[in-house]
Amino acid sequence: MTFLAEAAGISKCFGGVVAVDSVDLVIDEREVVGLIGANGAGKTTFIRLLLGLLRPSAGTVRLFGAPPSTATRRRVGYVPQSLGMYADLTVGENWRFASAAFGGRCGPMPDGVAVREASLVGSLPLGDKRLVAFAIALAHSPELLILDEPTSGVGPLGRARLWEEIRETTDRGVGVLVTTHNLEEAEQCDRLVIMADGRAVLSGTAAEIVGDHKVIEVRCRNWSKALAVLERSGFAVQLHAEVLRVVGPVSAVAGSLSEGNLDARVEVVTANLEETFVALVGNR
Amino acid sequence: MRWGLEGVSVHFGRKVALDEVTVPVDASGITVVIGGDGAGKSTVLRTLVGLVRPDSGVVSRPPKRATGYLPATAGLYADLTVDENCKFSASAYGLRGADCERRKNELLEQVGLNAASDRLGGQLSGGMQRKAAVVIALLHSPELLVLDEPTTGVDPVSRSELWRLISGVAAQGTSVVLATTYVNEAARANSAVLLEAGKVLAAGSPEAILRSVTGAFGSAVGGSRPTPQSWRRGAGWRIWAPSGVLPEGVTPLQPDFEDAVVVAELVGEAR
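Residue numbers (this note's numbering), protein chains in the order written: chain A, 1 to 284; chain B, 1 to 271.
Bear in mind the hints are in silico, worked out from the structure with no lab data behind them. Each hint should be verified, as a subset may be incorrect.
Covered stretches of chain A, as calculated for chain B (at least 3 residues, CB under 8 Å) [as the list claims (entries may be wrong)]: (1) 123–131; (2) 183–189; (3) 232–240.
For the chain B half of the interface with chain A, some residues (derived, Cβ under 7 Å), not all of them [to be verified]: (4) G36; (5) N184; (6) Q229; (7) W231.
No residue lacks a Cβ here, since even glycine has one placed at the ideal position from N, Cα and C.
Put together the whole structure using the sequences plus the hints.
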């Protein structure tokens with residue numbers, strides 16, 4: 001079976017620093033894979049390896065069943081976080097420039113882009129800029145799309161609209177790799193790969209990654225005192241309105257609260273993706 | 001309401017930046033202003049701390065020296081160390097000596113930056129810079145802490161550390177107001193204000209905002225858009241039926257806070 005992209009045991013060392021450490025990852029048609037990691041986890045290096053911009057120190061990369069090359073690059077669309085457009089050129093000029101770079105293979109401008117053709121890219125609101133960058137990346141009908149933090153800075157409805165565009169491309173058969181450290185964005189993906197210190201430490205759906213990670217919810221009339229007592233006992237406490245979420249053994253949490261003479265309701269609940277991520281990579 | 005904006009309008013030239021915006025800020029609690037790029041979040045915060053003079057409406061705030069403010073673009077002085085950045089800002093508030101030192105170390109430790117105190121501001125990652133900048137805004141123990149997108153571009157571990165720090169100061173009685181584009185940060189606030197194009201689309205506790213949505217909600221698997229009032233969530237669709245009657249084939253569900261926010265934006269856009 002041929003995947004759109006396949007990395008098998010790839011590593012990359014810069015001098016003595018291992019930036020990517022034996023990572024396996026495949027991207028299939030019609031799926032959105034989220035590559036999640038903190039700054040410096042190795043996400044960008046991994047993408048550069050996948051695109052063939054860097055040569056791996058070990059392992060193999062295959063794009064559309066072949067080693068990365070100019071020919072395979074033509075079949076990939078990429079939107080960097082900086083969006084990769086010229087702010088002082090119009091939307092139309094950016095479109096034609098990108099089209100020329102891909103040998104004039106671009107089709108007609110989609111309506112959503114055409115209405116902004118004469119606007120300077122730099123003058124557009126961020127959500128529109130992202131839509132235009134996305135349309136440009138799709139103009140040469142790539143089979144694989146790589147998006148870096150695609151909805152960063154956009155509001156909730158704008159984010160839902162950008163994801164509508166992304167899902168329209170997967171419905172047509174395109175595979176998408178999203179790199180992000182925004183876990184709200186991560187939850188939109190079909191499958192996640194968590195990277196830390198250059199390694200892929202865990203992969204699966206968001207629910208699979210959360211698995212049986214738990215946190216303790218504490219409800220207490222005097223929530224501010226409860227928070228102070230738990231923090232003093234060394235627990236990491238997060239405030240959600242007036243409910244505290246704490247990581248730690250439930251008996252120890254309950255013990256600290258009763259030592260502080262606090263009447264509280266303590267309940268073990270499933271962790272969210274962010275809490276799980278912090279538990280997995282926070283202390284590395 | 002302890003502080004905040006009441007019916008505040010701000011114009012920049014002919015552009016209406018804020019249109020009768022009310023943002024109540026209660027004692028000890030976290031108020032989150034949520035909206036996309038250009039919604040007016042920064043203008044709300046700048047008006048609150050006194051950097052923008054409103055054309056109408058009332059602004060209440062504590063004196064300047066009891067306010068901590070982190071602008072959206074604030075970094076640190078790149079060629080000063082974290083320690084020097086802290087000391088410089090503290091001295092502007094007349095803080096020095098052992099108390100200042102203790103406070104600084106305590107705050108830096110809470111966000112995992114104590115080992116970085118001798119590093120130059122310019123050498124820190126984006127997330128570390130934001131954490132250090134929040135620490136600096138807190139050094140003088142303000143009564144009102146105003147943070148403009150403290151977690152944008154910050155990785156989840158640092159984001160969690162920042163929220164833990166903010167939770168701690170809110171519990172100690174500081175009023176915190178912060179701007180964000182993330183729904184999950186608004187969902188955990190005591191009070192949230194949804195802003196778009198300078199107008200408030202929804203406000204109140206997250207539960208109250210959720211309770212105030214009307215109509216029926218449902219989900220459908222991928223494919224083409226089921227109704228005009230649908231949006232993507234993961235591989236599927238969310239559908240809002242204002243009439244309360246969902247189209248056939250749609251699975252009914254209980255809306256969550258994110259649904260409530262998207263609906264408020266859809267309604268705001270249609271107005």
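The hints, checked one at a time:
1. Counting residues of the stretch 123–131 of chain A whose beta carbon lies closer than 8 Å to any beta carbon of chain B gives 3, which meets the minimum of three for the stated coverage.
2. For the stretch 183–189 of chain A, the stated coverage by chain B is satisfied: 5 residues place a CB nearer than 8 Å to a CB of that chain, which reaches the threshold of 3.
3. Figure legend: the stretch 232–240 of chain A, annotated as covered by chain B; annotation consistent (5 residues with Cβ-Cβ distances under 8 Å, at least 3 required).
4. Residue-level restraint check for G36/B holds (minimum Cβ-Cβ distance to chain A is 2 Å; threshold 7 Å).
5. Below 7 Å, beta-carbon pairs count as interface contacts, and N184/B has one with chain A at about 6 Å; its hint therefore holds.
6. The beta carbon of Q229/B is not positioned within 7 Å of any beta carbon in chain A (closest approach about 11 Å), and the interface hint is therefore violated.
7. Nearest Cβ of chain A to the Cβ of W231/B: about 4 Å, under the 7 Å cut. The hint holds.
Going through the hint list in order, the structure does not satisfy hint 6, though it satisfies all others.
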